[in-house]
Structures are given as structure tokens and as C-alpha cells.
Amino acid sequence: MSDPTEEIPEVDHVTGTGIPVRGNDIDTDQIIPARFMKVVTFDGLGQFSFFDLRFDDDDNEKDHPMNEERFGDANVMVVNNNFGCGSSREHAPQALMRWGIDALIGEGFAEIFAGNCLALGIPTLTADHETINDLQQWVDDNPDGEIEIDVAAETVRYGGREVGVTVDDAQRKALVDGIWDTTALMKANERSIAETAANLPYATGN
Amino acid sequence: MSEGTLYDKVWNRHKVTTLPNGQDQLFVGLHLIHEVTSPQAFGMLRERDLEVARSDLTHATVDHIVPTADQSRPYSDDAAEEMMSELEENVRDAGIEFNDPTTGNQGIVHVIGPEQGITQPGKTIVCGDSHTSTHGAFGALAFGIGTSQIRDVLATQTVAMEKQQVRKIQVDGELGEGVEAKDIVLEIIRRLGTEGGVGYVYEYAGEAIEDLGMEGRMSICNMSIEGGARAGYVNPDGTTYDWLRETDYFQEHPEEFDELMPYWESIRSDDDAEYDDVVTIDASELDPVVTWGTTPGQGVGIHDPIPEPEALAADKQDTARRAQKHMRVEPGETMAGYDIDVAFLGSCTNARLPDLRRAARVVKGREVADDVRAFVVPGSQRVQRAAEAEGLADIFREAGFDWRNAGCSMCLGMNEDQLEGDEACASSSNRNFVGRQGSKDGRTVLMNPRMVAAAAVTGEVTDVRDLREVTIA
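Chains as they are written, first to last, in UniProt numbering: chain P, 1 to 206; chain U, 1 to 473.
So that you can see chain P by itself, here it is in the shape it has in the complex (with noise of 0.2 Å):
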């Protein structure tokens, strides 16, 4: 039988530079705009990402950090509170991720979005309001400066400090062992999963 685990990647450490996108409560019809979820694919999303704040009715740009040409290679969202709540669409995520980010610090994220961001091996780390703040500014600062989330140790080092963040202890497994794709590691329980479904009084067929 193949190793349920192989092929998916371990997200132990990443390292980039940042880009701060700020506010609290950002929800994910901000991130990507319901009209651009009318396809079957997630290809092609990026260049939606936070579309209608990036872009006024004629197509021009208007001020935000996604628009900055000094933030165009960013790869870590540096994000405030609540980030991500509201619908669940995972299209939210997607787009950020082919866009370009690798991963999120932020003061909260929305529960839904979190887990959509695991399941697609990127991490959502979080720290309080201070932290964030002086990472924002720094990265607005430097924004060619480096940044280095270590997950497993919760630490983000920049600018030659070296700050304490929080990962879920679950996701941090998930993504330090390479187990956060979870369909063949919950396929490879068959058995269990049919003992369940027949220990239950309603019908669950089969």
C-alpha cells in the first residue's frame, strides 16, 4: 500500500518578503468578489484578489498595497483582525495563493478561512495587535527585507529580531509533518470510517 503521506510537501519554513494589507474584519467577498467565482476552475483567480478595492469602475488603479510594484513579489500577508470571515469559499485563499502568498500572519483569522488556507499547506500564524503593527510598519518600510516563519518553532525572525507567533497545534503538525492534505491519510481508514457509519442509529445505507 502507498505511504498516504507522500508527495505533500512538508511547510516547515517560509521565507519571503511581505506585503500588509490592514483592517479588521476583511471578509472573503472583499478577497474575491462573488462575479469572479462564476467559473469551475481555480485557475486564473489571482488577478481578482481583492479586485474591487484595487480597482475602481474604469479599471484604474487605486491605492492598495497590491497594486504597489514594491509589493509585487511579496509572498507573507501581514493582516489584522478577523481576517477572511464570511463565506466560506475557498476561492479566497486560491487567489491569494496564485498570486503569490505562501502565507498569513495576522492578529485573527475567520475559522472557515483558516482551515481552507491549511488544506492548501499554508499557514495562518497570529500574534497580538502590537506585534502586527510593528511588522506591518516594517514591512512597509522594507519591503525587499526578509522575513522567516519557522512553524514548528512559532517564530518569525525580521529585520534581525525575532518575534513569538501562535499556530494551531494541529495545523503546525499538519504542516511540519506534511500531513495537511488529508484525503488519502482519511481514505486509508476505510474500515473505521464503514464501523462508524454502522454504529449510527439513522440510516447511513450501504
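I should point out that these hints are in silico values taken from the structure, not numbers from a laboratory.
Using 30 Å as the maximum straight-line C-alpha spacing, the simulated DSSO-like pairs for lysine-lysine come out as follows:
id, chain 1, residue 1, chain 2, residue 2
1, P, Lys173, U, Lys15
2, P, Lys173, U, Lys9
3, U, Lys163, P, Lys187
Away from chain P, derived, C-beta distances all over 10 Å, residues of chain U:
id, residue
4, Pro101
5, Asn105
6, Glu207
7, Gly238
8, Asp242
9, Asp271
10, Asp277
11, Val279
12, Arg366
13, Asp394
14, Arg465
15, Ile472
No residue lacks a Cβ here, since even glycine has one placed at the ideal position from N, Cα and C.
Model the placement of chain U on the given structure of chain P, informed by the hints.
The following block gives chain U in isolation, referenced to the frame of chain P:
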């Protein structure tokens, strides 16, 4: 951690194992799918050469993109037609029951599950839609999932989850005349915040919840996610069982009703259950609640002043300032009298038959205000037929409302039903996010369905209690 709650009991019954990453693998009793979030999941299955494990426990509908005016095929919107065709092909290949519009059973996914009786107490229910929490009204453990998780459920009929904490929300007292379930949930979100429920499942309890019919309970559980809680539930009781007895499923399987009753009773939270948190709200103090901002937590009693941003918690002030600018409201004002351009009666929150009945009592004998576009989008084809049969559709039409076919419609503007420019909309839906109703400059005011009816006929946000209602025979 909680102990002895419905959540604990249902979780434990469905737990297959603990995965190496520490998450629990849960068996899924019912998987609901629709056209927006499932096609990519079917694509992933094909890439991995996997089959749908349990097509018999999977039910499909089309709701998000379906046109509510002209539903003839092919749809005039090519993208919508492509999504519909893709779903048709996927369900056909996998042998999944599809409640398409030709069946007479189509509707919003969170309306049709309860209607057909496949939403049951003590089931785990998932769907690629955050408002799956709706089904918790029946004492099911129901939550929204992303597309990669849909892939997992299709492939294994299980999902990887972490157990949450349980917060009991005790709603005591009786609702005043003209105040509804929607007002309770908007008040809960206002008090606890849009992120207050992150990491929690909400158990709604207390006299005011017990007094509600199933539709009201669904409206409340529906918006759990707007308060950050991925799931919310009400313990099953006589009201729940009365509903279930009449559904297709238990009409066809009456013996199962009696067989399942002991299970349903057994999963109710114990009297001495332990909760991680308890919050109490007095329902008798509530007025109709409307939103003034761009998150569902920015609500206010109809006669209360819109708050000064500076008076809010530090982390809410910026959001409030931006929201007040977008909505063009001033602190200190009330929302009563706010001009509207559109009235939308619909969505998985408030488009069931009793919602439409209550709204019709307000509308009857009145006319939609000049320059207001008003329309009703029933939650399902069954709701639509029932409303037509008892004359509600005629009441709405005579008043100048458009009477449409079932779908999600202007709740999220994925079909033709969208706000234009900076239109303001009195909406019975669940989200007032910027751009949510199809125009990034659009302004959404969330409220209960009777309040939408009142706004439609007056042209402004209005306390429905100031309008005389007509009894409909």
C-alpha cells in the same frame, strides 16, 4: 472543555479516529452540494483518480447562480450555464440526486434539506457554504467547509476537524410584538462581535428560542457564522419533531421516526452539561434591529442612535468609520428614515413560508413606494408553490413586488439580481459586506422580513410596528 452537550455527543458518535495531525476524522451523515463550490472538488477527484464514496448520502441543488426570472435553458449568462452544465455532468456521473428546477424540489440548499426531512437531529451535515449552520436548528451538527474539504468528503464521506468550545447563548423572556428571530441573532452578533464566536459552537437555548418555530430557529442558526461561530444549534424538542413528522422522508419512512426518537432525545444537552462559556440575553428588551454598517455586527435598535466610532472597542473603530462613510450615516442618527432604492425579500436566512406570510400581512393593501424596486425570491420551489396557492404571491404582485423563482439571488449577486451603483437595499439576507449584493458602492441594510416589507412600501427604513397590518384569511 464542554461535556454532555449535544455537540459533544454528536461529535463522539461520528468520530472515526484521531488523525496523526491531531484533528478528528468525522463521519458525515449528509453532504449537500451546489454549483459554486463543488466543481473544483470533482475536478480534484478526477485528478487523483478517486470516486465519490457515498453518492447516496450526497444531495445536490442549484441555487447561487440560477436566474430567478427567466430560467429557460441555456441560461442567458454563459458562465451560469457552464456551471449548471458542469454540476449536471458531475451528479450524473456519480449518481447523486439532483434537485434541479425541473424536479419541483429545487431551492436554496439550506431550505431544501429541512423541507425534505434529510436534515435531522444528531446528524453531521456539511456543505461548501458557510450558512450550513442553518441545519443546526434541528439539533444537527452542521458546518460550512471549503472546496478541498468537499473533495475529502466526496472521496471518504468524512472530514478532518478540530473540536471547538461550546458557548451557550441563553435567550430568556418573550419577544415583543413585531420582534423576530432575526432581531435576536442580529443582537447576538452586535454584542459578541463578528469574531466573538471564532473557536466556538453556539448552543441557542432559553424561553425565547423554545418559543420559536423551526423557521425562526433556522434564521438564528443560519447567522451563527456571521458571529464567527462555524456552527450553531438548538436542542431538538416537540417543535422539531412536529416538523420532521410532516417531511417527505418521514412520511415515506414512518417507522424510522419512532426508531430515531430515542436517539434524538439522547443527544439533547444534559441538564448538567458543562459549557465553556454562557451568555444571557433578554429577548423582551429587543426592538427590531437593523444594520447601519458593513458587517452584520454593526446593528442597532430601530430607534437607537448609530454609535460614535470612538465609543466602540478600539479594534472596531476604524471599521466603523469606514462603514459609516460607505453607508453615508452619521453617529447619533437613527436608521429610521434611511432612504432605500431596493427591497429584497429572500435568502437562506428569511425566505421560508412563514417569513413570506408575515411580510405579506404588512404589504397587503399597500403599494411599493415610488422609485423602489421590490422583489420576493422564495427560498425554494416548494415555498414558491405554497405561497402561490395561499394567495401570498398575488398580494406581493398587486403591491408592485416582482414575484420570482427560487434561488440565492441578491443575497450575493451571482445572478442577474444585483444592486446598481450606490443603491441602498432593505434586505432580509445575512451579509451587508461592501459589494455583497453585486455593486461595490451598493449599501445593504439587514433587517427582518416584515421590516423589509415596511421599507418597501414606505421607501425608507421604517419601524414595522408603526404600520397597521391586515389579516389575511
